[in-house]
Amino acid sequence: MMTLRLSRPLLVVLVASALILALGGLAVASNMGFKLNKPIVFTGTGQIGSNWTSLPFNNPYGTCQGLCTQLGLITLKATVQVLDQNLGSFTQATCGAPACTALTLIPGKGINIRQPAGGPASVIIVGSHNPTLSLTIPKAGTGQIGNLWYSLPYHTTAVTAQDLCNQIGMPSTGTARGIVTRVNAPTGQFVQGTCGAASATSLNLVLGEQVQLRNPAAVSFIPAHF
Amino acid sequence: MLRSLSCLALIVLVASVCATPASAQCAGFSQVFGHQIGGTLVRCADNGQVSGFVFAIGATATINSSTVLAPPQTADFICEADGEPSQGFGTCVGGAGVRGDGIITIDGNWSNNGPLPTGPSGCPDSAQANGVGRNVMIIRDLAGGGAILSVGFDQTFSGFVAEFADRLETGTGNEIFTSCVSADGLSASSKTLMFDGVTKGGDTTNTTAAVQAHAMTPKIFSDCDPDSYGAGGDCITATGAPEPPHTFAPGPFYSKTGPCGTLLDLNRGTWAPYSVGTSLTFPSQSCLFVGNTLVVDGVESPAIAGALSIPGNLAPAARALDVRAKQAGGDVVVSWRTDSEIGLQGFTVQTKSGRQIGGMVAPKGIGGGGASYSVSLKRGDFKNEKSLYVVSATTDGQLKSDLASF
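Taken in sequence, the protein lines are chains W and B. At the far end of the first sequence sits residue 226, using our numbering, and the numbering has no gaps. At the far end of the second sequence sits residue 1406, using our numbering, and the numbering has no gaps.
Extracted from the complex, chain W is given alone in its bound form (with noise of 0.2 Å):
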């Protein structure tokens, strides 16, 4: 009977090869396809049902009407809103009206859903990324000016708000830093990470949520991802 016998170089080139196809794996799945379902918090009172939701960067939807058909938003009654970080405002259009159609959605950037009960409880979210596309936070400005909603990738790195604090660049020193907010959908509350301060540390990111950022001076990053 025959037995193989593998030699020790052999064996190094073998486990290199597996290494090397492990890693290309990887690197398929950086730009793999994600189907991701949400839940939608209907709407309630002030902030209660405000779904900050991240889009993948490569995303089917278009333009908010896309979305809504897409996901089965209830027509007339459900909107979704989008902030222009560098005028400062918002942008809403209901799902079904002329504006929905006329809302291009922009590659990296979250949008806030909101819609009354009687729509699907969860969505699914279908796309993939785009790993070489860079978003820039402009420098926060009055109002709503520099506040950019961040899509942030369904395959972060990041967990923590610290953790996009650091891979941004944002400041975690001095008297000027960086904040990473999100809306908790189901109390409507806002909370707010410092980078560097533990409230920053304490803020967990959630898959699907969009957050926003803001930085006392503009900074341009590539989002981090496995």
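If you're looking for bench data, these hints aren't it; they were derived computationally from the structure. Any given hint could turn out to be false.
What the hints assert, rightly or not - Per the computed footprint, the stretches of chain B lying under chain W, defined by three or more beta-carbons under 8 Å from a beta-carbon of chain W, are: (1) 1032-1038; (2) 1082-1096.
Said to hold, decoys possible - Computed Cβ-Cβ distance ranges for the label pairs, DEER-style: (3) Ala1249(B) with Thr45(W): 28 to 36 Å; (4) Arg1167(B) with Ser128(W): 43 to 51 Å; (5) Asn184(W) with Asp1101(B): 43 to 51 Å.
Yeah, the Cβ is synthetic: ideal placement off N, Cα and C, and Gly gets one too.
Fit chain B to the given chain W structure using the hints.
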């Protein structure tokens, strides 16, 4: 201990430096007002920039279309045409059509300052709770038509939805878009004052006018009305109880002078108190505006809610412009246009010698706005004459056009 205090002080300092600064408008969240679900206002003279003013009951929040961005720019909260910039969405896309079609939309956001010299002042409902900061939306078109809407905060839309103040058609339940003019087309839908007459004098430099008018309780299109689209759904308090009814009464009179047929600043602070019958002098190329405020729940509104205009002796009036006459077979086709039809009763075509040809042509301008006309008359009725005037019959007398020949 000292170290803890130092850390706390640092955090407070950081927060004060980096946090979204408190500003005049709603901060940190969006609060829209206007048309959100495809509705419009109709029959509004909108061949230029329409005037609007929105304020909140029980709050100091106001926004004024004339100060949002200086004319002739149009980044205000009233859309006369799709594609123009707007204060809310950013671009008018809600079905406002084109200028001059009578269709406008309201598109604002109490949170948006944007690239504006003066955005909204105050936030109607910073708690985002029902029953707080009810919006009163005053629209006045370029011909004196207008509507007043009263809309409560809606949780789903995070704002004040104008469509909910629309009426529903009996039987079908279809939404009826609110109009700037009454069903007969002769006055504003929400009429705060009635014109009783004017005594005019003066010359080509200055005009004097003493206006007689009386106040009227206007029709308010409220989402609290049972026959409204909103049907009272947003007419509730924060606890869900019915919102206490609001009272709307006409307020005192004010006056101002300015260009005719253009954007009118409705901010009460830019008007002077007026006693009806008082003679005022103003430039003859301008208009005198007399309007009145609203008194809502006993408090006078910061805005003029309705106004009439008295043209000066040289001001644009309901005169037929660009009159053309052309013989076509056995007919003579006469065409003309108007910029304004305030006080117009109708047109007649007269020969140079003064003979009337055909009957009276009814005004078509929406709510007193301008319009275009074309009529065919029998060539034989002109006999041997080949020149004509279009004569406007107005409440102030007759205005002849320039002579046209065929």
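Now for the hints, and whether the structure bears them out:
no.: 1; hint: 1032-1038; in the structure: holds (count 4)
no.: 2; hint: 1082-1096; in the structure: holds (count 7)
no.: 3; hint: Ala1249(B) with Thr45(W): 28 to 36 Å; in the structure: holds, 32 Å
no.: 4; hint: Arg1167(B) with Ser128(W): 43 to 51 Å; in the structure: holds, 48 Å
no.: 5; hint: Asn184(W) with Asp1101(B): 43 to 51 Å; in the structure: holds, 45 Å
The earlier numbered hints are all upheld by this structure, with none contradicted.
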